[in-house]
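K.L.:
What follows is each chain in one-letter form.
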Amino acid sequence: MTSFATFGNELYTGKRSYNFVSKRKIWFTIAAVAVIVSILIPIVRGGFNLGIDFRGGSEFTVSDVKDTNSGIGERAVTEIVPGAVPRVANIAGNTMRIQTDKLSDDETLKVKAALITDYGVQEDHVTSTFIGPTWGADVTRQALLGLVAFVLLATLLMAFYFRTWRMSVAAIVGLLVVMITTAGLYAASDFEVTPSAIIGFLTILSYSLYDTVVVFDKIRENTADVERSTRRTFAEEVNLAVNQTLVRSINTMMVAVLPVASVLFIGAYLLGAGTLRDLSLALFIGIIVSTFSTIFIAAPMYAWLRMREPVLVKQARRVSQRRAAEKATDDAPGGTAEVSV
Amino acid sequence: MARTGPTSTARRTLLWLGIIFIALAMLLGSGAIWGSASWAPKLALDLEGGTQMILTPKVQGGQSITDEQLNQAVSIIRQRVDGSGVSESEISTQSGRNVIVSMPGTPTAETRELIKASADMSFRPVITAGPGAATTPDKMLPDAQLPVPKAAPTNASDENWIDAALYKTFETTSCVPPVTEVPTNTDPAKPVVSCELDSGTKYILGPVEVPGKDISDATYGLQQGAQGATTNQWSVNLKFNGEGATKFREVTSRLNGFLQANPQDPRAQFAIVLDGRVISAPVSQAVIADGNSSITGNFTEASSKSLADKLKFGALPISFDIQSEEQISATLGGQQLEMGLLAGVIGLLLVVVYSLFQYRALGFVTIFSLVVAGALTYLAIAILGWTQNYRLSLAGVAGLIVAIGQTADSFIVYFERIRDELRDGRGLVAAVENGWRRAKRTVLASKAVNLLAAVVLYFVAVGNVRGFAFTLGLTAIADLIVVFMFTHPTLQLLARTRFFGEGHHFSGLDPKRLGAVPLYRWAGRFRDPVQISLGARGAAKGKNSGAQAEAERRQTIAERRLAARQEQMAGSRGAGSASAGSQDAAKENK
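In order, the protein sequences belong to chains A and B.
Under this note's numbering, the first residue of the first sequence is numbered 8, with each subsequent residue one higher.
Under this note's numbering, the first residue of the second sequence is numbered 7, with each subsequent residue one higher.
These are calculated hints, taken from the structure and not from any lab test.
Treat the numbers as computed from the prediction; the structure is a model and nothing was measured.
Glycine included, every Cβ here is placed at the ideal spot set by N, Cα and C.
Check before you lean on any hint, since a few could be wrong.
Said to hold, decoys possible - Computed cross-link-like contacts, DMTMM-like style, restricted to lysine to aspartate or glutamate with a CA-CA straight-line distance of at most 20 Å:
id, chain 1, residue 1, chain 2, residue 2
1, B, K318, B, D73
2, A, K73, B, E256
3, A, K109, B, D73
As the list claims (entries may be wrong) - Chain B regions said to be covered by chain A (calculated; three or more residues, Cβ under 8 Å):
id, region
4, 242-256
5, 450-456
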């Protein structure tokens, strides 16, 4: 096995190079398919599986229980409605509060009966009501507003920092791909959408742009005076930058994904449904997709947006002229050391 | 020892970090001893439980509350609760009629007031005023003498608003104990009878001239006196929006006219009405044109703050009563937190193993940096729990676990830049300085994105999202502090040790493993690589000699060797490793 350090060296010198930029048509096609599929999944499945926090649900209150074990209430609900994720809490002494997704009248009666027998209380000690969403339309509206404001300001910030709006555009396109595919994959998992999942989703937005900025900063360095150089074309410089930061991208993805994977594993296999599983699934998908999106979408997109600028077209011509000239004059072994892109 | 060298700067920076730590620990410690702080972070509703309050709307008779009113109430209560800290309360409706508020801990009297009071404020002109006690039956005006409007009222201060029924109410109302109940849902277009309880005065007030929704912001503070000196009186300062400011100017100029004509005219007063009660009825001494007004009444610091907090987020469509208030247990079992923490520990161990595998001894710098970042975050969370009521939910715990990855990335970016510099043939000390200069920009730019996300979401979003934004911002700041004040100074010092400086095989910075150019073979001593590459490039491509130094430094090894060979330097073909390297590179040409 080639050691990772050697791998890094070869990427740095350009000895080993992956064609992220020149094969962009393939990546863009894959991304377009992924985006379309991700949009179709929730549509085919009839929307996202929204949880109690978004849609409201049914609430049972059991008073005067002898045993305040929340497991009893959970079982009583899941016996009647398999797959439900009831939330059971103990209120003031010996009253239990059980909340679950909205139940039909029939189910409500059955759950009520189950609670009476399981907790061993009298019939009039169980009451049921319905509750509204804790994550109402106003929360969603404010979150969306925040999201839009963030994306706009981040676009400005990047355009200002990198001194080119094209980097902002490329980064935002990469971000959109991440958002849509993460949402689509989450919908495909059929996990309930909970506030935790939304929070995981928002974390991914920030992570995705963060990852893109790190790679773009290297691109900025590499292409700072590409117009005066005949070493590589603009697209080749961008590709080299992505290759040179590839070790960073892999290491960062691994370091970010390892804790998340451990939370996901414990959340999904040991605890079942809940905050940890929802949040870590969104993060797990998002971190991996973000890393890929920066490398395969955002960076090639930036190269593509700029390589047709007249100055850069002229520069690319000079590069090929120099290469042709060198080939003609210098046929000695090991004469040129170019990077094939 | 030189006082300005990198070594002493590095030592000083580490010392400052130590001071920050001690200061934070002392702050928290003194808070724990003398205040209400605790060494453990506060936990949120899902992990610790709290109080559940069921609020029922105060409506008369069989009146019902519409869905719209209920949702509006939930939204405003949420903003008010959010405005008082980052505690991630849950607010929801029950049976389409009640509002349930669940919050961690035990709510104080102020919090209760905050969530149930309508805070419907309006400004009405005074038409007439009188002593607070109800008029005794023998003093009441006989029916024949009751006022009858002579014409339609022309403005809100017009005495023609008073009709017989209104005057009767005025007579029977008592503003001293036993106080007459305030009618709810008064019509803003009609005059009312209202009490000022502090002074025991009752008023007949004209229709609402400036409604509470025209208040754009409310703050509280000590009243400024005429000479600009601060008095001892607490006040609530209001700022009106454009519409409110215009109306306020019209009203104050009319009322000021009454004052100019007759200093004793009650109509020179305007009443500030809150939830049906007059909280103050100042005389309009001047025309207020700038849309800023301040209310003084019988305020304490706490009551002025509480009123300002309520006014800021608007009035509830209806007042509420707290029907029940009960302790509620955590909705997530202790198992969830334990498992979450276990997952965090496992994840951290995996990161440790991966870092050591990737960066060898340098991995320890990552691990120690993460420990420092963790300790800093812990202190910050505990302190903010005390001062801002910041509470950690399970989602927050998971967010912190994720932050491990983003924090470690700063080190990875930095280490990779150092390795790049080493590959270019620099000595470790120079590589650390140069690598840092370039990594610093990247780290700052990328953390700026995280901070932006945190700040925007914190100020715009509500509820859980706000708590999340807080955690995100907190970890980004902790990360920056650690990279600048721990990781970099530590590396500066380590670069001067033999183990790292000489590139020990296990240091993670072994130039041979990194394929660095062995400059010393053909130059006898270490040479500044910038000089060499400049010379080589200059000779090879004269037309580019003006290119920036940074661009020159970015030459690949193969290129530099090529340039060197073209310069026909003695022994350039003979140097085994150099030639092998360039031939490998050449083979890659396709």
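K.L.:
According to a criterion of three or more residues whose C-beta lies within less than 8 Å of a C-beta of chain A, is the region 242-256 of chain B covered?
P.N.:
violated (count 0)
K.L.:
Compare the distance between the alpha carbons of K73 of chain A and E256 of chain B with 20 Å, and conclude whether the hinted pair is satisfied.
P.N.:
67 Å, violated
K.L.:
Just to be careful, I want the Cα atoms of K318 of chain B and D73 of chain B compared with a cutoff of 20 Å; is the pair within it?
P.N.:
23 Å, violated
K.L.:
Please verify whether K109 of chain A and D73 of chain B have alpha carbons no more than 20 Å apart.
P.N.:
Measuring from Cα to Cα gives roughly 18 Å; hence the hint holds.
K.L.:
Tell me whether the statement that chain A covers the region 450-456 of chain B is true, taking a Cβ distance below 8 Å and needing three residues at minimum.
P.N.:
holds (count 6)
This entry does not satisfy hints 1, 2, 4, going by the numbered hints stated previously.
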